[in-house]
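From first to last, the protein sequence lines stand for chains R and D. In case it helps, the working numbering puts the first sequence at residues 51 to 164. In case it helps, the working numbering puts the second sequence at residues 88 to 198.
You may find that some hints are simply not true.
Claimed, not checked - Here are a few chain R residues that face chain D, going by a calculated C-beta distance under 7 Å:
{"hint": "1", "residue": "Q83"}
{"hint": "2", "residue": "R88"}
{"hint": "3", "residue": "G90"}
{"hint": "4", "residue": "H92"}
{"hint": "5", "residue": "P93"}
{"hint": "6", "residue": "F95"}
{"hint": "7", "residue": "Q98"}
{"hint": "8", "residue": "L152"}
{"hint": "9", "residue": "F154"}
Hint data in this document are derived by calculation from the structure and do not stem from the laboratory. Quick reminder that beta carbons are idealized off the backbone N, C-alpha and C, glycines included.
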Amino acid sequence: GQQVMQIPQYQHVQEGEDFTTYCNSSTTLSNIQWYKQRPGGHPVFLIQLVKSGEVKKQKRLTFQFGEAKKNSSLHITATQTTDVGTYFCAGPFGYGGSQGNLIFGKGTKLSVKP
Amino acid sequence: SQTIHQWPATLVQPVGSPLSLECTVEGTSNPNLYWYRQAAGRGLQLLFYSVGIGQISSEVPQNLSASRPQDRQFILSSKKLLLSDSGFYLCAWSSANTEAFFGQGTRLTVV
Chain R
51 GQQVMQIPQY
61 QHVQEGEDFT
71 TYCNSSTTLS
81 NIQWYKQRPG
91 GHPVFLIQLV
101 KSGEVKKQKR
111 LTFQFGEAKK
121 NSSLHITATQ
131 TTDVGTYFCA
141 GPFGYGGSQG
151 NLIFGKGTKL
161 SVKP
Chain D
88 SQTIHQWPAT
98 LVQPVGSPLS
108 LECTVEGTSN
118 PNLYWYRQAA
128 GRGLQLLFYS
138 VGIGQISSEV
148 PQNLSASRPQ
158 DRQFILSSKK
168 LLLSDSGFYL
178 CAWSSANTEA
188 FFGQGTRLTV
198 V
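Using the sequences plus the hints, can you model the full thing?
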């Protein structure tokens, strides 16, 4: 079936260390999306990657979409306590790559020790 | 601007009781609508999605059902709740090939 695998499940870092989470899809995706969920909150959209090999940056966050459009990564440089939360990737598995069936990975829960 | 409303925020229900969670979207037409469930400390499990009125796709067989009686209204229901139905239920909407916007969620505890 359609799956989005995400590793690691948990990551504990010291403030200032880097963090990376990886996402793999069972099939080629038309796009991949990343979300952040703060403790007790709901997921909030961060970014969408569409093109093969695409790299996007948001301040200390770097997002990559693989050449085969089946994997992606999120890298945070020099983590801060405000980065705490669970990071999810998501891919659309609708017919023709439409958004209809939006599947999320299980997420990577990041904790940052000050 | 678009907004999504989901209620109630928290709910405690006895085993065997019915359930009805409602979600409405404002400021957009013909959105894709989703119901997700998140068990404590776990990922987002897609339960149902809808690309139009009366069109419901179920991802996981269970004792839950969904309906879309109006373009911007999505309802999650159960006739008899189980203990395993406890969790954080999230409604979301998106336009074609754009990001999903989530409601605040309903924390359901079945006792």
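Against the structure, the hints:
A distance limit of 7 Å between C-beta atoms decides the matter here; for Q83/R the minimum to chain D is near 6 Å, and the interface restraint holds. Of the supplied interface hints, the one on R88/R is violated, with its beta-carbon coming no nearer than about 12 Å to a beta-carbon of chain D, more than 7 Å. With its C-beta approaching chain D no nearer than about 9 Å, G90/R sits outside the 7 Å limit, and its interface hint is violated. The beta carbon of H92/R comes within 4 Å of a beta carbon in chain D, closer than 7 Å, and the hint placing it at the interface holds.
The criterion of a C-beta within 7 Å of any C-beta in chain D is met by P93/R, whose closest approach is roughly 5 Å, and the hint holds. Hint status for F95/R relative to chain D: holds, with the closest Cβ pair at about 4 Å, below 7 Å. Interface hint at Q98/R: satisfied, since its Cβ lies 6 Å from the closest Cβ of chain D, which is below the 7 Å cut-off. Interface restraint check: L152/R against chain D, minimum CB-CB distance 6 Å, threshold 7 Å, status holds.
With a least beta-carbon distance of about 4 Å to chain D, the hint placing F154/R at the interface is held under the 7 Å criterion.
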